[in-house]
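A.B. asks: Residues per chain are reported as follows:
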Amino acid sequence: MDSLLWGVRLIAILVLIWGVAGTIVQGLNGAGPSAEAWRDLVVAGIAQGAMYGLIALGYSMVYGVLGFINFAHGEVFMAGAMSGFFVANYLWQVHFWDNYFVLAILLVLLTSVLTSMLVAVIVERVAYRPLRASPRLVPLITSIGISFFIQYSFAGLFGVAVKNYPPAPDSLRNRIGFLGLEIEGTKLAVIVVALISMGLLYLFVEKTRTGRSIRAVAEDKEIAALMGINVDRTIVASFAVGGVMAGVAGTLWSLLFRGVAFHTGFLPGIKAFTAAVLGGIGNLPGAMVGGLFLGTFEGVGSQLVLAGLGIPAVSQLKDVVAFTALVLVLIFRPTGLFGERLSSEDRA
Amino acid sequence: MRKWVWLLSCFLLAATACGDGEDETTTTQAPTTTEAMMEIPEDPLGLVEVGAGEEIQIRSLNAITGDVAFLGLPNQRGVELAIADYGPISGRSVSVGTGLDDLCSPEGGQASAQVIVSDPSVVGVIGTSCSGAAEAASPLISNAGLVMISPSNTSPALTSDLAGTPGKSYQVGYYRTAHNDLFQGQAVARFVFDELGLGNAATIHDGDPYTQGLAQAFSDAFEGLGGEITTFTAVNKGDTDMTAVLTEVSAGDPEAIFFPIFMPEGGFIVQQIGGISGLEDVVLIGADGLLADNFMELPESEGVYLSGPDLRYGANTNSITGKSAEDFLAAYQSEYGEAPSAAFWAHSYDATTMLLRAIDQVAMEVDGTLYIGRQALRDALSGPGFNGIIGHIECDNWGDCGSQLITVVHHNDARDIESGKSNVVFGFSP
Numbered sequence: 001m002d003s004l005l006w007g008v009r010l011i012a013i014l015v016l017i018w019g020v021a022g023t024i025v026q027g028l029n030g031a032g033p034s035a036e037a038w039r040d041l042v043v044a045g046i047a048q049g050a051m052y053g054l055i056a057l058g059y060s061m062v063y064g065v066l067g068f069i070n071f072a073h074g075e076v077f078m079a080g081a082m083s084g085f086f087v088a089n090y091l092w093q094v095h096f097w098d099n100y101f102v103l104a105i106l107l108v109l110l111t112s113v114l115t116s117m118l119v120a121v122i123v124e125r126v127a128y129r130p131l132r133a134s135p136r137l138v139p140l141i142t143s144i145g146i147s148f149f150i151q152y153s154f155a156g157l158f159g160v161a162v163k164n165y166p167p168a169p170d171s172l173r174n175r176i177g178f179l180g181l182e183i184e185g186t187k188l189a190v191i192v193v194a195l196i197s198m199g200l201l202y203l204f205v206e207k208t209r210t211g212r213s214i215r216a217v218a219e220d221k222e223i224a225a226l227m228g229i230n231v232d233r234t235i236v237a238s239f240a241v242g243g244v245m246a247g248v249a250g251t252l253w254s255l256l257f258r259g260v261a262f263h264t265g266f267l268p269g270i271k272a273f274t275a276a277v278l279g280g281i282g283n284l285p286g287a288m289v290g291g292l293f294l295g296t297f298e299g300v301g302s303q304l305v306l307a308g309l310g311i312p313a314v315s316q317l318k319d320v321v322a323f324t325a326l327v328l329v330l331i332f333r334p335t336g337l338f339g340e341r342l343s344s345e346d347r348a
Numbered sequence: 349m350r351k352w353v354w355l356l357s358c359f360l361l362a363a364t365a366c367g368d369g370e371d372e373t374t375t376t377q378a379p380t381t382t383e384a385m386m387e388i389p390e391d392p393l394g395l396v397e398v399g400a401g402e403e404i405q406i407r408s409l410n411a412i413t414g415d416v417a418f419l420g421l422p423n424q425r426g427v428e429l430a431i432a433d434y435g436p437i438s439g440r441s442v443s444v445g446t447g448l449d450d451l452c453s454p455e456g457g458q459a460s461a462q463v464i465v466s467d468p469s470v471v472g473v474i475g476t477s478c479s480g481a482a483e484a485a486s487p488l489i490s491n492a493g494l495v496m497i498s499p500s501n502t503s504p505a506l507t508s509d510l511a512g513t514p515g516k517s518y519q520v521g522y523y524r525t526a527h528n529d530l531f532q533g534q535a536v537a538r539f540v541f542d543e544l545g546l547g548n549a550a551t552i553h554d555g556d557p558y559t560q561g562l563a564q565a566f567s568d569a570f571e572g573l574g575g576e577i578t579t580f581t582a583v584n585k586g587d588t589d590m591t592a593v594l595t596e597v598s599a600g601d602p603e604a605i606f607f608p609i610f611m612p613e614g615g616f617i618v619q620q621i622g623g624i625s626g627l628e629d630v631v632l633i634g635a636d637g638l639l640a641d642n643f644m645e646l647p648e649s650e651g652v653y654l655s656g657p658d659l660r661y662g663a664n665t666n667s668i669t670g671k672s673a674e675d676f677l678a679a680y681q682s683e684y685g686e687a688p689s690a691a692f693w694a695h696s697y698d699a700t701t702m703l704l705r706a707i708d709q710v711a712m713e714v715d716g717t718l719y720i721g722r723q724a725l726r727d728a729l730s731g732p733g734f735n736g737i738i739g740h741i742e743c744d745n746w747g748d749c750g751s752q753l754i755t756v757v758h759h760n761d762a763r764d765i766e767s768g769k770s771n772v773v774f775g776f777s778p
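Line by line, the protein sequences are chains R and P. Under the numbering used here, the first residue of the first sequence carries the number 1, and numbering increases by one thereafter. Under the numbering used here, the first residue of the second sequence carries the number 349, and numbering increases by one thereafter.
In short, the hints are calculated from the structure, not lab data. For clarity, every value in this text was computed on a predicted model and none was experimentally measured. Since no wrong hints were added, every one of them can be taken at face value.
Some, not all, of what chain R presents toward chain P, calculated at C-beta under 8 angstroms:
id: 1; residue: Gly32
id: 2; residue: Glu36
id: 3; residue: Ala37
id: 4; residue: Asp40
id: 5; residue: Ala44
id: 6; residue: Val160
id: 7; residue: Ala161
id: 8; residue: Val162
id: 9; residue: Arg173
id: 10; residue: Glu184
id: 11; residue: Gly259
id: 12; residue: Leu267
id: 13; residue: Gln303
id: 14; residue: Val314
id: 15; residue: Gln316
id: 16; residue: Lys318
No farther apart than 20 angstroms at their CA atoms in a straight line, the calculated lysine to any residue pairs in the SDA-like style are these:
id: 17; chain 1: P; residue 1: Lys585; chain 2: R; residue 2: His263
id: 18; chain 1: P; residue 1: Lys585; chain 2: R; residue 2: Ala313
id: 19; chain 1: P; residue 1: Lys585; chain 2: R; residue 2: Phe323
Every residue gets a Cβ at the ideal spot worked out from N, C-alpha and C, and that includes glycine.
This is chain P alone, in the form it adopts within the complex (with noise of 0.2 angstroms):
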């Protein structure tokens, strides 16, 4: 109520600007005039004002502590990074405040989204890193009018099945730079029955939204292949003795066992598997949660194939800031003295400026007040795309907006992760 009188009184305001305009108008005073004829846009979300000399405020919603803090880390150092070279927005710099933390979980994502919903002047949120978190924050973001752009959820849930039914999680203002599971899995289960030329196979999941999904993806693919699925069973994030899950898939009798999960449960069933009699052939491919240096030291990691977002960016640039990964990477190891430890980095920074490209392309200064329409902003996401150091960024209309492009790496050499995560003996595009 209080924001429509104010919005009123904007109006009459610019509207008796006019009219003196008008009545005495003098050649000096022409570019003043023009400035304050311009109309305070409107917008059934509402207006975000950033007033002269206040900052644009977008938050990273991350997974920055516990475990899968190897995860959100890096993608929320890629939006400092990808801040800092988009340079201000029509004069105001950009901040994203302190790193907000998912905890990787649903109650992580929900308590976080809860603190940024509550603060007006936020625009928009890079994250979350995981699926589950992202199915308890993006209502809360959605209904607040922010939009999120979330570089490493992959759960299908989040956007939609690709063939035009949203998923059941899908929001509105939700995106993703990060490729669509649906995609992961059927390239792994073209990898593993036309590459590999295996009939059987097995998956393991923990119950997270991400893995389940997965899995799932994995499955349905595989067996649209003509392939067949011996178990589809889980493991409880927590849990050290897999030789019972170990054995229940032994029964099978597999060539293969896909497990999409994360450390350290994923780390237990390579260490543990040798024990398993029925399973020493087995060929054992796991995804992106393991695709990252704490699972990859363990020897017994050798020989494992991960599935995971394409890396080989080549000589892609960022076409917002004429970024490379190159310039990318050397500038993260300079700011944070360390290589990142986890895949979504370019995700992350490409996800950032096509939030801050949108911000500066629906901004509109009017007397001295920067406005930023929420629905206009969605519209500007949902419009044109761009390239980014992750290949051609553009959304479908539920915000997948990712180049989908998927590889599977073999990882050969426990004290070379470098080369493990290089070496790609499967390509997929859609």
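Okay, chain R solo, but in the shape it has when bound (with noise of 0.2 angstroms):
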């Protein structure tokens, strides 16, 4: 058995390499992608991965607390994107958003958190509450009809087309200097956003009284209630923080891909789940940098290992990619990044 793994890894190494070689032989001969564009597809696929990133903490969060995955997550996030679109859209109209954008996208930031962060309550309160006591199964399927039923609702309240954002203004869509980098604006601004929330986060769980319960929470539920923490309200807590991570995510998401749809949360929030188990589920710094890592990759790595290999149309194969990125983790570190090994009473 264990040598059959070794195998596995031995081949998934072996092809990594010689696809990156081949790419590299490619590039040498002067075809191929060009130094640019080299950067630009790993700075945008860390700008992705910075989104990733925000709506996987929200996975983590819930699991660290309750222990199972919220599949509704995803549309906790294309929830905050939607409500931003409409306010976006009337101070279009009304010629604010090019006026004041600054001031604009702030209302626009408000609205999606504020919204993402009700959604994640209510689904909480509705359909989670309730099954605290059931096996762990349950909430997860019970996830997945949420899901369902939120696409839906909003599929039928505002229409399945797609909503497109207005543009951004020119100053922030121009390439700026960047650590002797020309970067797209728009990127750099999603980056840096992604970033400060996500630090910010860090500090809310582990310097605040709040943060220090969550933490109690997620380490043993019973004692912490022993302790004098209200379980119920920390919970909550837990669902509102990472909708908050979520609405802040559906903001960037509109401003640097400006399409929102229905179904918009759903592949987002495959890839972000991916993430946090990449990570190792139920770290938030593993929820973080498995975001990052898994964006850059996918972005990079049709270009980087399957071009080498020869094969035609790379960029159909992204998302093979990305997920080919998670099993290849896994075999090496089937903890995830950051996982810690939990033991077997723990894995119940």
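Assembly of the complex is requested from the two constituent chains, each provided in isolation within its own frame, with the hints serving as guidance.
C.D. replies: And the structure:
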């Protein structure tokens, strides 16, 4: 058994090296993307990954306190992006968007964050709290149901068409010099805002009273309750914080991709869940790093590895690359990048 | 088996009726006698019987929900308006039933085709909207002996390669008024190579038979003219981040990109291409999938060239109903309160009149029952053509019936979509 696993690992490494070498050879021959193109790919990957990371935090927080995967979290993200659209569109129509862009985007951000937080908290109250005593599989299945419920409620309420955010002003879309690299303004803004949000979340969980109780509940619900922590309120708090992060991600997504529809939350939700597992589910820095790693590898991987293997139309295989990355990380480190080895009792 | 017994008894009845007539003929009974003497037609694929007071059943199978509803809704409405204009056939009104949905997907096409063929009273189908749906629907419909006329399928696989070889998905009884994408590919290739004078180009499709077929047709025609295809690549339906695919494309340093895909992916491409170094001056060309309001409304779509069916219908009238494009659009506006959201409304109107005319030609009334031969209907559709709103319609051996006129328009103002649709910069006819 072990030797089989080692064989798989060996083959994985060889394929990876073979692909990368092929791409490098192509590059030396003058074919393949230019240096600027590689830079753009990496930056786009990090921006995408930063958003995965923000969403992944919500998965990890809920897993931490309740021990199940909240598959409706992608929809929490979509709800934020969608509600922000209506505000943005209104501000665009009254010309507030182009004249006071910073103020406008803050309003949009506020709307997204509040909506996402509200949706996350309501879902917890309506769908998960009544099931607190049931086996973990029950809320898991419920979360899939809730996910479809939210998606199709939005489709019914606001239509199935893709809603397009107004474009950001040119000053933001132009390239900005950053550490000697010319980077597109929007992407830089997305990365910076995402990193700041992650930093604030980390401080919140590590330094505040509520953060401390979240960690205590994650450690052991019963003992936390004995210590005088209100477990229900703490669980609501972790859903709310996850919702806030998803709301931020929703605004950033809209700033970058500009299109939002009722099914927008599905794929990013799955990818963010992947990122959370990759980083070690339940571990917050792990979720952030997992998101960044997944986004970057997804952005660069298809060009870096598959193009070198001589596969045509590599961009179409982006998702294959992303999920293969997950499998690869897990066969080398079954607990994820930052995951702790759970004792057998914890795992049950 | 039961059908044959029934047919036999029909013949016997008719025979006895004749016999009676000969025995005791009186002048007053002559008209009934001649009517009774008409034989019920035979047809190798069977007959559809429509009793007195019953309706003739046809179906509309179009993408009427989801992202591609903009394409299917005008098709379905074209069918409804054509039926209203044509009026009854042999005293029987024509019913389209509830509009069926092809979902623009193989699954949707197959599921709805199953519904259609389970009803033996259905004569023919107008649809599908999408080539991918047609590939799944047409085998079922063909095997059941029905006919199917699509207003907007353009994949060469569904008909022929224009050189006498049937496409891999060709089915007997399949017809279309839309163009064959081999013509559209040629049109775009000539536009890029001759008109714009560009020698290399990249293409992006999304794996759908329509988009892949058209990208391939363009590539073949472009290379045939002496151009070079730098990258032939694809995205997935549902992708949002186009950086990777555009970077892949930029590596080949193309002068033009042909991306015959749909919304929302087409929108993401024009919105994100500004951030890709090396593609600042590239010429963007989309196809009829993007010749739609929700793409052309995007500010970034300005400057994009779009190929599609020639919509300059001018004074063309449908020779069956006498309707012109202008009349049709007025009727559409008053009936549905908006202008058609996609380009194939006239193709759908003409396709429906084509089907109704053929039914009219083959339908025979015997003893108060209307008989429509399924093979006869196919023969009639393959027979002499007529003039439609889109131009002359006459079918070749593999069901390509359209006028095959293609134009390229230059979309220059996102705030005035109609002017973009009519800003023709290149015209093509085979």
